[in-house]
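Peer 1: Chain B with the ligands: place on chain X using the hints.
Taken in order, these protein sequences are the chains called X and B.
Under our numbering, the residues of the first sequence are numbered 1 to 288, in order.
Under our numbering, the residues of the second sequence are numbered 1 to 383, in order.
Quick caveat, the hints were computed from the structure, so don't treat them as lab data.
Virtual Cβ for every residue (Gly too), placed ideally from N, Cα, C.
Careful: at least some of the hints might be erroneous.
Covered stretches of chain X, going by a simulated chain B footprint (3 or more residues, C-beta under 8 Å) [to be verified]:
1) 97 to 111
2) 142 to 156
Over the 12 Å line for every Cβ pair with chain B, so calculated as not near, a few chain X residues [stated by the list, open to error]:
3) VAL88
4) ILE237
5) PRO248
6) PRO253
7) GLU259
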Amino acid sequence: MDIPEEEFLAPGHRACAGCGATIGVRLALKMLGKNTVAVSATGCLEVVTTPYPETAWKIPWIHVAFENSAAVASGVERALRSQGKDDVNVVVFAGDGGTADIGLQSLSGAMERGHNLIYICYDNEAYMNTGVQRSGATPYGASTTTSPHGKESFGEDKPKKNIPMIMAAHGVPYVATASISYPEDFMKKVKKASEIEGPAYIHLHQPCATGWGYDPSKTIELGRLAVETGSWILYEIEDGEFKVTYRPMERKPVNIYLESQKRFKHLADEEKERIQSYVDQVCAELKI
Amino acid sequence: MLKVISANRAIAEGVKLSRPQVVPVYPITPQTSISEYLAQFVADGDLNAEYIRVESEHSAISAAVGASGAGVRTFTATSSQGLALMHEILFVAAGMRTPIVMGNANRALSAPLSIWNDQQDSISQRDTGWMQFFAENAQEALDFVINAYKISENKEVLLPSMVCIDGFILTHTVEPVDIPSQDDVDKFLPAYQPTHAYLDPEEPMSLGTFTDPDYYMEARYAMEVAMQKSKKVIKDTYQEFEEVFGRQYGMIENYQCDDAEIILVAMGSICGTIKAVVDILRKKGEKVGLLKVIAYRPFPQEEIYDVVKNAQRIAVLDKNISFGIGGVLFNEIKAKMEVDASGFILGLGGRDVSPDDIVNIVKQTRNPTDTDKINWIGLKEEE
Ligand SMILES: Cc1ncc(C[n+]2csc(CCOP(=O)(O)OP(=O)(O)O)c2C)c(N)n1
Ligand code: SF4
Ligand SMILES: [Mg+2]
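Same shape as in the complex, but just chain X (with noise of 0.2 Å):
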């Protein structure tokens, strides 16, 4: 795959080392390219990337709140319309909690009216940019500090809402799930995301060294255990059409996955094993 060398998300940034909201966000610039607005949502990036008066930005960049980015980016890709500029592409950066929670109600209907944008979810699955707290896309089991494991608690008691899966049920033309740890893959869904006329939607999984709890060096690791155990499963969904678009050679087993972080540490082995057999049941499903 032929990636561009240019780079639209400048270092020197606040991030966190191994943060990989922007190593995400560094793929798909480079396959957006210059003629990109992007919109964020407020959150870890919108934070570490603009600290007044410096910015990270290479390209025209808004953020508003928290919980409106698809409706800002709304009004972004329509008034490029109204000026003639339909080749610009418009892309959405946020969080999961930006997505899941605060931010669905505008999601959805961003979706519906078909604006002609990608929006990009970079799910580190809970609120990190205010200490980790948990969010709608945080998994079954994860120790968050509003879900915090106790004598009465193992930790987050729900599992993980599938953002994706509502997304297709709008019926937008292209809806894909992504990880940083597979970047050919990640960028190949945003080119054709950004190729699509109407919404295209990309789940965009993205370890955290600190939410998460592991080493900074590990991040890449870490994406890639959790699509090795098939704790996270790379598909797309194009005009309807579902594909898995990975498949890992060998399933390993969670614990590998589980043990490997801070936030699952507490688990009794019956929560594992709940955990196990529930990523069973989906891999079979898909094959996988």
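Peer 2: Relative to the frame of chain X, chain B with the ligands by itself:
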């Protein structure tokens, strides 16, 4: 029991002692640790409440109205953008007369985005029908939560309360706080017994109905009457609190004002700095005092006037601005009483306010050049 804790922890302790049954909260800096402490209390079995992990502040306050409407004691907490997102439902909570108590960590509003302290967020909710109590320190934060439930749930009042603490300055600073015993709090604040609003199939009632012009004004008038009556309830409640817990509060605090020529009027944590400056200036023979506004709503106009009426001039310090007219507290005081006052805007978005700034405010107030001018403190000159 004396513990060294932050005001966020103090709020959480006050909430735990008040035994709410439903707690819907959503994290936002600098309130977040309130929601985290409460989550941990519940996870550890130390607080027997339904903790609802809502997906936004709009849902946090909506769930609180639902819970309070169903007849239970309810708590939520937020800050800044979150409080602004709640705006629509704040009116509903007050109009439906749900005695919810909320903690607000005072923080600036976007844009540009700032997580640091000023008081624009809660001041901008002044017309929603909520009572607002500004704490100077962590002890007040804890005590005000317990008092707020008793005041809000009083049959003469039935309006929700906001306990405001300055972001970071209080929320993230630790100081010694006396934590009352559960027994004492249980006696002071018995379980909530709703008589006006509860969703009970045995006794069906409709909440949040549609009203035509024949009824709406009376509902609003009733809220104004309740807000006025709350003044006496606040005084009585604080009196009772003092008898049990030994700490004395009022709608305002008079610090060295009785013979003061210049009186500074302010709210929240800045009052600690001002008290220190008053002490220094008094040693030099300057007759200066501080009037701390604790209850911003209901507005304690008689209490304020009683203290400031003999001063030569007063200075009103606002960590907020209503663009085009100036500080909100300054304008409200000017509108309500005959006083010679200067208005100062300061501390917006976390701009530091030093003791020297306070000394300068006293100087400027003594010798005003233009009394209508909005004075900005600590503003950087154009470079
Ligand atoms: C209305 C509103 N509520 C709460 C916040 C506080 N807040 C800012 S970012 C954030 C969490 C962001 O989580 P996510 O979308 O997952 O992005 P991440 O920080 O993990 O990248 C929260 C709760 C806010 N800015 N606005
Ligand atoms: S907390 Fe996580 S997502 Fe946020 S900047 Fe750090 S590594 Fe990136
Ligand atoms: Mg996140």
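Peer 1: I'd like to know which numbered hints this structure contradicts. Please list them from smallest to largest.
Peer 2: As far as the earlier hints go, not one is violated by this structure.
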